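Here the structure of chain A is known, so what remains is to put chains B, C and D in place on it, guided by the hints.
Okay, here's what each chain looks like letter by letter:
4 protein chains.
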Amino acid sequence: MADRIKLGMVGGGNDAFIGGVHRIASRIDDRFELVAGALSSTPEKSQASGAALGLARVYDDYKQMAQREARRKDGIDAVSIVTPNHVHYAAAREFLKRGIHVICDKPLTSTLADAKKLVKAAEDSEALFILTHNYTGYPMVRQAREMIANGDIGNIRVVQVEYPQDWLTVEQDFKQAEWRTDPARSGAGGSTGDIGTHAFNLACFVTGLEVESLAADLEAFVPGRQVDDNGHVMLRFDGGAKGMLWCSQVAPGNENALRIRVYGDKGGLEWAQEDPNYLWHTPFGEPKRLITRNGGGAGDAAARVSRIPPGHPEGYLEGFANIYTEAATAIAAVKAGEPVPSEVIYPTIHDGLKGVQFVSACVKSSARNAAWVKLDH
Amino acid sequence: MADRIKLGMVGGGNDAFIGGVHRIASRIDDRFELVAGALSSTPEKSQASGAALGLARVYDDYKQMAQREARRKDGIDAVSIVTPNHVHYAAAREFLKRGIHVICDKPLTSTLADAKKLVKAAEDSEALFILTHNYTGYPMVRQAREMIANGDIGNIRVVQVEYPQDWLTVEQDFKQAEWRTDPARSGAGGSTGDIGTHAFNLACFVTGLEVESLAADLEAFVPGRQVDDNGHVMLRFDGGAKGMLWCSQVAPGNENALRIRVYGDKGGLEWAQEDPNYLWHTPFGEPKRLITRNGGGAGDAAARVSRIPPGHPEGYLEGFANIYTEAATAIAAVKAGEPVPSEVIYPTIHDGLKGVQFVSACVKSSARNAAWVKLDH
Amino acid sequence: MADRIKLGMVGGGNDAFIGGVHRIASRIDDRFELVAGALSSTPEKSQASGAALGLARVYDDYKQMAQREARRKDGIDAVSIVTPNHVHYAAAREFLKRGIHVICDKPLTSTLADAKKLVKAAEDSEALFILTHNYTGYPMVRQAREMIANGDIGNIRVVQVEYPQDWLTVEQDFKQAEWRTDPARSGAGGSTGDIGTHAFNLACFVTGLEVESLAADLEAFVPGRQVDDNGHVMLRFDGGAKGMLWCSQVAPGNENALRIRVYGDKGGLEWAQEDPNYLWHTPFGEPKRLITRNGGGAGDAAARVSRIPPGHPEGYLEGFANIYTEAATAIAAVKAGEPVPSEVIYPTIHDGLKGVQFVSACVKSSARNAAWVKLDH
Amino acid sequence: MADRIKLGMVGGGNDAFIGGVHRIASRIDDRFELVAGALSSTPEKSQASGAALGLARVYDDYKQMAQREARRKDGIDAVSIVTPNHVHYAAAREFLKRGIHVICDKPLTSTLADAKKLVKAAEDSEALFILTHNYTGYPMVRQAREMIANGDIGNIRVVQVEYPQDWLTVEQDFKQAEWRTDPARSGAGGSTGDIGTHAFNLACFVTGLEVESLAADLEAFVPGRQVDDNGHVMLRFDGGAKGMLWCSQVAPGNENALRIRVYGDKGGLEWAQEDPNYLWHTPFGEPKRLITRNGGGAGDAAARVSRIPPGHPEGYLEGFANIYTEAATAIAAVKAGEPVPSEVIYPTIHDGLKGVQFVSACVKSSARNAAWVKLDH
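Residue numbers (the numbering used here), protein chains in the order written: chain A, 135 to 511; chain B, 135 to 511; chain C, 135 to 511; chain D, 135 to 511.
Just chain A, same shape as in the assembly (with noise of 0.2 Å):
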């Protein structure tokens, strides 16, 4: 279609999972055109990457990519970084200080430092800056956060948010693994990082509440490995909820478990990322509801979101094109020159900023013997 936004790409070359899934995601929906890509570490992987794929304009780097497509006429409306975490800040700078969208995989950055710097990047572009926090693409996850917002649960007071795994039960050795457990790539967090960020996010995301402190203890359990694999994590909110976060990726038997539980003082919600078309709601004194996508009781802003009926699943990838569509309605209202839409929802470069400082929070904190760090330290 004509206006399909044209879409670049930085890493996600051959043998890269998230590329992929990133490349599926954005056309899902049908609103975006891959055109241009950078897509590996090397000119060379880059150029075979590239033709891989077949797309129209392959670049041997990200820099030269942002160059050039600034420069042409039919040049890349956004780009999607998908790196490793240590690239990010480098790569997202080139193309918002040319005016490009920018869609972003996560942790923001590699370090605080960074996520600092490119936080006045983005202030400093006219560009959008979306990060892919998929898991707040759910609709049920959207469901969750409308009830919540709308008082259904009453205030809230405990948070018990999880993400376990198990691939890094042992030593691993295969690309994913190893970019993962190295901190100069990874950051300083591992499992806290890599989806300690997740959950984090996605508290905050459901609740609408804000982190004020935390007390983490982090573990590495596999010998060698230099950075966590296990975090258990105290949360305080501010007004006074109060959470646990656990993120692992040595718990056997657990593959994505990413899972949260919402206690007000009218009523619970509990959504479970294997099986995300499903939400239970738990009023206090009632019985339990099951509530499904599209089903009875699910509310507009899942619907939103959501492309087929009940009881026909939707996947991550449909989660993972809600934010690539959430992006391409923001984005082509700036080029229309108007405002975005109001019920348009997408992870920011702040939300970014505060996955950073979680993890930078978590490693301080366990470094102290777990004593209570502020979020914004």
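Simulated from the structure, these hints should not be mistaken for laboratory data.
Because the structure is a prediction, the values reported are computed rather than measured.
Careful, some of the hints might be misleading.
The list cannot tell twin chains apart, which means a pair is met if one copy fits it or any two copies do.
Unchecked claim - Below, simulated SDA-like cross-link-like pairs (lysine to any residue); rule was C-alpha separation at most 25 Å, straight line:
1. Lys207 <-> Gly188
2. Lys400 <-> Val304
3. Lys309 <-> Asp434
4. Lys309 <-> His484
5. Lys400 <-> Gly433
6. Lys140 <-> Gly154
7. Lys498 <-> Ser347
8. Lys498 <-> Gly374
9. Lys400 <-> Gly285
10. Lys140 <-> Pro177
11. Lys309 <-> Asp163
12. Lys254 <-> Ala186
13. Lys140 <-> Gly188
14. Lys400 <-> Arg423
15. Lys140 <-> Glu178
16. Lys140 <-> Leu187
17. Lys400 <-> Gly233
18. Lys231 <-> Ala464
19. Lys498 <-> Asp372
20. Lys498 <-> Val192
21. Lys140 <-> Ala190
22. Lys469 <-> Ala190
23. Lys179 <-> Ala318
24. Lys207 <-> Ala190
25. Lys498 <-> Gly373
26. Lys400 <-> Asp307
27. Lys400 <-> Gln360
28. Lys400 <-> Phe308
29. Lys508 <-> Glu408
What follows is chains B, C and D alone, placed relative to chain A:
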């Protein structure tokens, strides 16, 4: 990409649920490009629907589309037919006779006579015919089929399959409900045609068995309804296995609760469409095992049609996309003058005929007070 | 306590599973005291079994027990008959004709002729006859029955009930398996008699409906087996509801997976024996509700037969004990010359007759190629 | 039976929930006979409660009962103490010093000082002391413990245990709630004492590990409440494993949702009290396995404390009864002058002391802003 398959679509205009599903499914793996359509039942609506989608070429009706596309050098390679059932035959025939591959929604046709004529038309054509019994595209359905073929549960004795829904519990007057409960457009079977055929197809696909005969007790519970909204069917398979099939559109609390359980002399398997990333395997005398998509114990057949690692759920659209991607691989082979790779699996026109025979046998049996009726009657 | 009901037992000697269950069930609410027994099939074994239990009075056989206990001033008030099925009739008759209340295992008898004679014997006696269709004792089964009686799901249309097991997947030679697969002792039905009757009884109990006729396709899958080990049955209820019943002893992965689903024009209910503290209620168009024993939304009928707060599960033995406690309340009323309280519910000899008619109808229908057979044939 | 253990009871009068539970638990396996009691807090109420139960010997208070029963030739062998926590110490001491075995509810005492004195009293007595941490009686908890001891999941790294409830979400004024939220009767811990101790005990029991230190953040969310109703606790075990413990009485939708997950370097285990007949075993890299009570893969430790075949659920009362039956076997051995069989397992006074130390450490840690506190402080 240059080598995308050029696709047309018949039906699937504004408000049609299944057309949008087909379009997303065709996009997910980037193997098709939708370029032409005759999307609605009148020229005016077709033009409006086509414009809304930004289609390159919009036609008044399927016949016009078949004729003109066949003459173009850059004409469509394949067409998706997503109309109400009674149109399938006439539309598919137009494309088949011009050598355009057909991807057709199920059930194959609204009458057994049409089904037999369409088989003939397909046999006379060099084009492929792919029926979108989409549930056969789910990775864990492929897993179940592979395990049974490998003998993992031994000789099959009992097959329990069901597909309950609830949306027709009360009389409905919106478009989806209207044609599906009109025998002139839907065929003689109501729930049996709309969802019973899915259950029947799934049972055969997973087990590799053919149904020899059935005894059916159909009912229209909602006053005034002209087709069955509930079907109770007993099955006898070639080789001695027996089964039960239940389809219903009046079972409150069931959205699309397609579920199959197969029991052999060594173990059992259980799969449910609403939680499609799981497959229970119950070897006799051992603990139950829960196999997850791409997780431990999952095999090649599932991995081949799966995009992302375990724990990140794939859903209905991805399963549907697998049919499209299998079709793409087959069509690409035909275009290249090569044989279709042996690992490619898709429901064929013969599966479609069997589905119509199933509906016909159910209706006949029920009219005879649930007497046994052979499938190839 | 002084007012415990004095109980005897016929059958239930060493190695008999169900005898121990009856004894625990009789003890849980402290309403019975087991004082006499004729526990095994020979005088020697009976004496040994009685001694092992420390029974006050041990008899050679049930006839001796009935005669002598009837003559004692402190003789038993009631007797539990827990022998293989073919003994039920003759044993029960001895006690009934002496005015001793009978608590009898199901199915009522091994033949329809015996069942009819036993009904006559019970009608001629002033003693009560309680049949231990124990699943009707579960609190959430009572809850389901109460909700249906209250009209919570409207007019019933569809009843799906099943009781699959797997223990007879292969040939077994231990005692439990031996008599249950011997038509001389078990009756003409195998799985239909042993567990199909439970499923049938549960369907009638919960819905309050009577089955008018059925069509059954029975099979003995294990080579050499003389009775059915799998039964597929279609049901037609008085008033127009329809149902399916599946019982199987060759379904690997199923232990005692009795499960019932009932659908009316306003909603549905679902209960599973293996997770008995839960009841799903699915009002049409609303979120599913999970009612828990004694939790929010649970009513009086369940609370009456429940001992502990929600979240602490009650199980099979407590459900079985509820039958005993209902029996105790009824017997105590009779002893006191008072009417049995109207809220007391237990399966009667008429339910027992219906169960035997069910087995007989299944066998007859299957012999006639699954022709419809009326229940009161 | 002649050899039943003669039992007395302190507390458990009319309206007391837990007294009835103890009485049923003592009856299920027919190893005890309740003959004496001082059931309530005043002589008048005690007499009334005893009469209502038809007890042979009713006393005004526990001291009178201890003195008189000790003098009788047919006096009680054992006593169950089921009063509010603050009475445990003084009551237990009276019986211990007279050589009467004590079965006592948890937590051991309401203060750490009392707990230490009670340990001394028990050590000075020849009587046994059994603490009813009843959840350790569940067969699948025994199964988990056996598997971990066998090394089935390797070296333990992470332990996640939680016990959320919801009954104190709002202020309650009935008797159960009243004393449990009164620090004078319950102890300094609210949810930590009432249910946190269960979670703590379960974690230690299942893993065989000791907690070295903890950091706790306790909260009383309901206005005016004097004890914690929510506890977030991080755990460090001897040997390096780490854990989280969450207890809450303000988590709507949770009835008694005690749940434990243990992860080692070879696999994981997961058990939930509300569905106690299941144990998930997740060997790394293999499909999840669902082990059922007495089903395939279940071992001797579970079978020893289980009464009925798989698929017929046992519940809370049976698990509780297992503690009683273990106690009976131990007491019978002592009476016979024989050693307690090595397979007998019950929670001891030392487990009780650890539980009180846990509560004390939680309270102390929380008062110090969640500083780490050693358990044997």
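Here's how the hints hold up against the structure:
1. Both within a single protomer and between protomers do Lys207 and Gly188 lie at most 25 Å apart by alpha-carbon distance, with minima of 21 Å and 22 Å respectively.
2. Taking the closest pair of Cα atoms, Lys400 and Val304 come within 25 Å of each other only across two copies (9 Å); inside a single copy the shortest separation is 43 Å, beyond that limit.
3. For a Cα distance limit of 25 Å, the shortest separation of Lys309 from Asp434 across copies, 22 Å, qualifies, whereas the shortest one inside one copy, 41 Å, does not.
4. Proximity of Lys309 and His484 under a CA criterion of 25 Å is satisfied in neither setting, with 29 Å inside one chain copy and 45 Å between copies.
5. With identical chains, the CA atoms of Lys400 and Gly433 are at most 25 Å apart both within one copy (19 Å) and between copies (22 Å).
6. For the homomeric pair Lys140 and Gly154, the shortest alpha-carbon distances inside one copy (17 Å) and between copies (22 Å) are both at most 25 Å.
7. Both within a single protomer and between protomers do Lys498 and Ser347 lie at most 25 Å apart by alpha-carbon distance, with minima of 12 Å and 20 Å respectively.
8. Taking the shortest alpha-carbon separations for Lys498 and Gly374, both the intra-copy value of 23 Å and the inter-copy value of 20 Å come in at or below 25 Å.
9. Proximity of Lys400 to Gly285 under the C-alpha cut-off of 25 Å is restricted to the intra-copy arrangement: shortest distance 9 Å within a copy versus 29 Å between copies.
10. Taking identical chains as interchangeable, the C-alpha atoms of Lys140 and Pro177 lie at most 25 Å apart only when both belong to the same chain, with a minimum of 22 Å there against 32 Å between chains.
11. Within a single copy, Lys309 and Asp163 get their C-alpha atoms only as close as 30 Å, which misses the 25 Å cut-off; across copies the closest is 24 Å, which meets it.
12. Within a single copy, Lys254 and Ala186 get their C-alpha atoms no closer than 36 Å, and across copies no closer than 40 Å, so neither meets the 25 Å cut-off.
13. For the identical chains of this complex, Lys140 and Gly188 are neighbours both inside a copy (15 Å) and across copies (16 Å), given an alpha-carbon limit of 25 Å.
14. With identical chains, the CA atoms of Lys400 and Arg423 are at most 25 Å apart both within one copy (14 Å) and between copies (17 Å).
15. Proximity of Lys140 to Glu178 under the C-alpha cut-off of 25 Å is restricted to the intra-copy arrangement: shortest distance 24 Å within a copy versus 32 Å between copies.
16. Taking identical chains as interchangeable, the C-alpha atoms of Lys140 and Leu187 lie at most 25 Å apart whether they share a chain (16 Å) or sit on different chains (18 Å).
17. Within a single copy, Lys400 and Gly233 get their C-alpha atoms no closer than 46 Å, and across copies no closer than 50 Å, so neither meets the 25 Å cut-off.
18. Taking identical chains as interchangeable, the C-alpha atoms of Lys231 and Ala464 lie at most 25 Å apart only when both belong to the same chain, with a minimum of 19 Å there against 46 Å between chains.
19. Both within a single protomer and between protomers do Lys498 and Asp372 lie at most 25 Å apart by alpha-carbon distance, with minima of 20 Å and 24 Å respectively.
20. Taking identical chains as interchangeable, the C-alpha atoms of Lys498 and Val192 are never at most 25 Å apart, the minima being 41 Å within one chain and 62 Å between chains.
21. Both within a single protomer and between protomers do Lys140 and Ala190 lie at most 25 Å apart by alpha-carbon distance, with minima of 11 Å and 19 Å respectively.
22. For the homomeric pair Lys469 and Ala190, the shortest alpha-carbon distances inside one copy (23 Å) and between copies (24 Å) are both at most 25 Å.
23. When the C-alpha separation of Lys179 and Ala318 is checked against a cutoff of 25 Å, the pair qualifies only within one copy, where the shortest distance is 22 Å, while the shortest distance between copies is 58 Å.
24. For the homomeric pair Lys207 and Ala190, the shortest alpha-carbon distances inside one copy (15 Å) and between copies (23 Å) are both at most 25 Å.
25. In this assembly of identical chains, Lys498 and Gly373 lie within 25 Å of each other by CA distance both inside one copy and across copies; the values are 23 Å within and 24 Å between.
26. Taking the closest pair of Cα atoms, Lys400 and Asp307 come within 25 Å of each other only across two copies (18 Å); inside a single copy the shortest separation is 48 Å, beyond that limit.
27. Only between protomers do Lys400 and Gln360 lie at most 25 Å apart by alpha-carbon distance; the minimum there is 21 Å, versus 43 Å within a single protomer.
28. In this assembly of identical chains, Lys400 and Phe308 lie within 25 Å of each other by CA distance solely across copies; the values are 20 Å between and 47 Å within a copy.
29. When the C-alpha separation of Lys508 and Glu408 is checked against a cutoff of 25 Å, the pair qualifies neither within a copy, at 31 Å, nor between copies, at 37 Å.
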